[in-house]
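Protein sequence lines correspond, in order, to chains R and G.
Position 279 (the first sequence) corresponds to 278 in numbering that gives the first Met the number 0; numbering is contiguous.
Position 91 (the second sequence) corresponds to 90 in numbering that gives the first Met the number 0; numbering is contiguous.
Since the hints were derived computationally from the structure, they do not count as laboratory data.
Heads up, a few of these hints could be off.
[Claimed, not checked] Below 27 Å or equal to it, Euclidean Cα-Cα: the simulated DSS-like pairs (lysine-lysine) are:
hint, chain 1, residue 1, chain 2, residue 2
1, R, K111, G, K292
2, G, K111, R, K244
3, R, K111, G, K244
4, G, K292, R, K59
5, R, K244, R, K59
[Stated by the list, open to error] Computed from the model, here is a short list of chain R residues facing chain G with C-beta under 7 Å:
hint, residue
6, S124
7, P142
8, P276
9, L278
This structure is a prediction, so every number in the text was calculated from the model and none was measured.
Backbone N, C-alpha and C define an ideal beta-carbon position, used for all residues, glycine too.
2 protein chains.
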Amino acid sequence: MTTNLRGILAPALTAVTDDFQIDQERTIAHYAWLLENGCDGVLVFGTTSEANSFSVAERKRLLEQAVEAGIKPERLLVGTGCCAFADSIELTKHAVQIGCAGVLMLPPFYYKQLSGDGLFRYFASLIERVANDSWKLYLYHIPPIAIVPFSFSLIEKLIAHYPEIVAGIKDSSGDFEHTKELIKRFARPGFDVFPGNESTLLAALRMGAAGCIPGTANVYARLLQTIFRARQTAEAEEHQSLVSKCRQVILGYPLIPALKAIISRMRVDLAWKNVQPPLSPLPEFELEGLLEKLTAAGFDWPASRRIA
Amino acid sequence: MTTNLRGILAPALTAVTDDFQIDQERTIAHYAWLLENGCDGVLVFGTTSEANSFSVAERKRLLEQAVEAGIKPERLLVGTGCCAFADSIELTKHAVQIGCAGVLMLPPFYYKQLSGDGLFRYFASLIERVANDSWKLYLYHIPPIAIVPFSFSLIEKLIAHYPEIVAGIKDSSGDFEHTKELIKRFARPGFDVFPGNESTLLAALRMGAAGCIPGTANVYARLLQTIFRARQTAEAEEHQSLVSKCRQVILGYPLIPALKAIISRMRVDLAWKNVQPPLSPLPEFELEGLLEKLTAAGFDWPASRRIA
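Using the sequences and the hints given, assemble the complete structure.
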């Protein structure tokens, strides 16, 4: 772990079998495709990956298989935050042992409106138990789903106590004002801010964001990469405008089923439509409408099938 | 599993060690104490038990140890609802094999605002995989914490499809109007409604509730039992008034740390104050205030130490 992961990261979709198991082969092939098609890294087990819908054993097995199949661990960020303290420790130690670039941790998200300093105690106790000096912890702020937030004061305290370990934050608040505030307060060499929302990617990059980790990178990472690499050009602004239009279209549908349905069409592979309960697959007629709207917005989705 | 559990059930506190492990000895002794002091049954791994703060392996081990120690499984309801489909199945099968009176299932609570019929598909797929005709599934409705609710239409559909298995609901909405509506729509022989809120216990019982499963039963189940047994008497109304006052006092504090602190004082055992992160233990000065207020409300908390 010499340099920290930056750039366009996809919170990779997890393919599932008809029997609600992780489809390792399809999932790992998708990781490889993402890394060859615009992604600087892959987030294994983010929200878009349906991470928390799988058990600890299933998650460890997939990560091991991915690395055995040749996916470089230094290109991987691994989601490891669970409700159970023991689960979060087990997944974190596992990802660290494998040599992954970092872990992205949700706060424990069952109890809401916590009193006192419980969240700090949770992270401090976990960091002590991982007992390793050379790993990178990224905080996963996603209040629309996890409800439990990372407050500014918690972030500050974690950075102050563990400056070598706490390496950044993914901001999936969907609120650009919040992203700007995070960048202003905390972004520095050694602490990276990644918005989850790509509709403000260019503005965030120009302010000092380290990249972006949006669900839609599963589909159009190459387009996001052109913005990341050419952020000072007028061309980037055009691409940003296209990206923002596409995001608007996709947000009209349940995100994970929609992304999986698009991938299933790109790969001509119906199995990709499967989602793990409690999610529901996107009905075929809705997929038709979605693809038409994406085309109308200017996105050449069939071209995304190509390997770069 | 001949007759369904009814009456006063405690969602039992889980004692934890200084090292964030389940303290099996203290926890199991607490189950025994509850069953001897007013409880008709014990809910192992409810919200008050910090269930989701422990791993699947930790939860299975505790249940096995409890039964080995002589706790009768037919007095136990077991919380088995997790975010991960595989975890919920594993815990449910385990509780069924052990012969517990039933399982109380949270909905999968990571994803919010689900579209389509995903929650029904989740429960239907789970029931098929448990593949057993003689177990009882209780639904755990606790929107203030899980956020994801059991809608009336979902309950109706589950009862219609699995009338022999879906046996009741715990309503921890904290909204008596909602409890009344549940009783009106669904209560019948074979489907029991248990409010989580004891401040309306008497009214709920008179309407047809099967009992109650409130966190405070860890402390004053005997008092609740007097209401349950003598619901038509004036004495029950007096007890209800005392219970409602006590609840008001306790709600001024974070519930789980407060209940554990009271138990630690009753048992003269500091270890009982421990909570699992992300919760924080109740500071000693707050406990003093809480006990004074309980006494002022008329509750003889030191007497609760006695074994009946």
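Tell me the hint numbers this structure goes against, listed in increasing order.
4, 5 and 7
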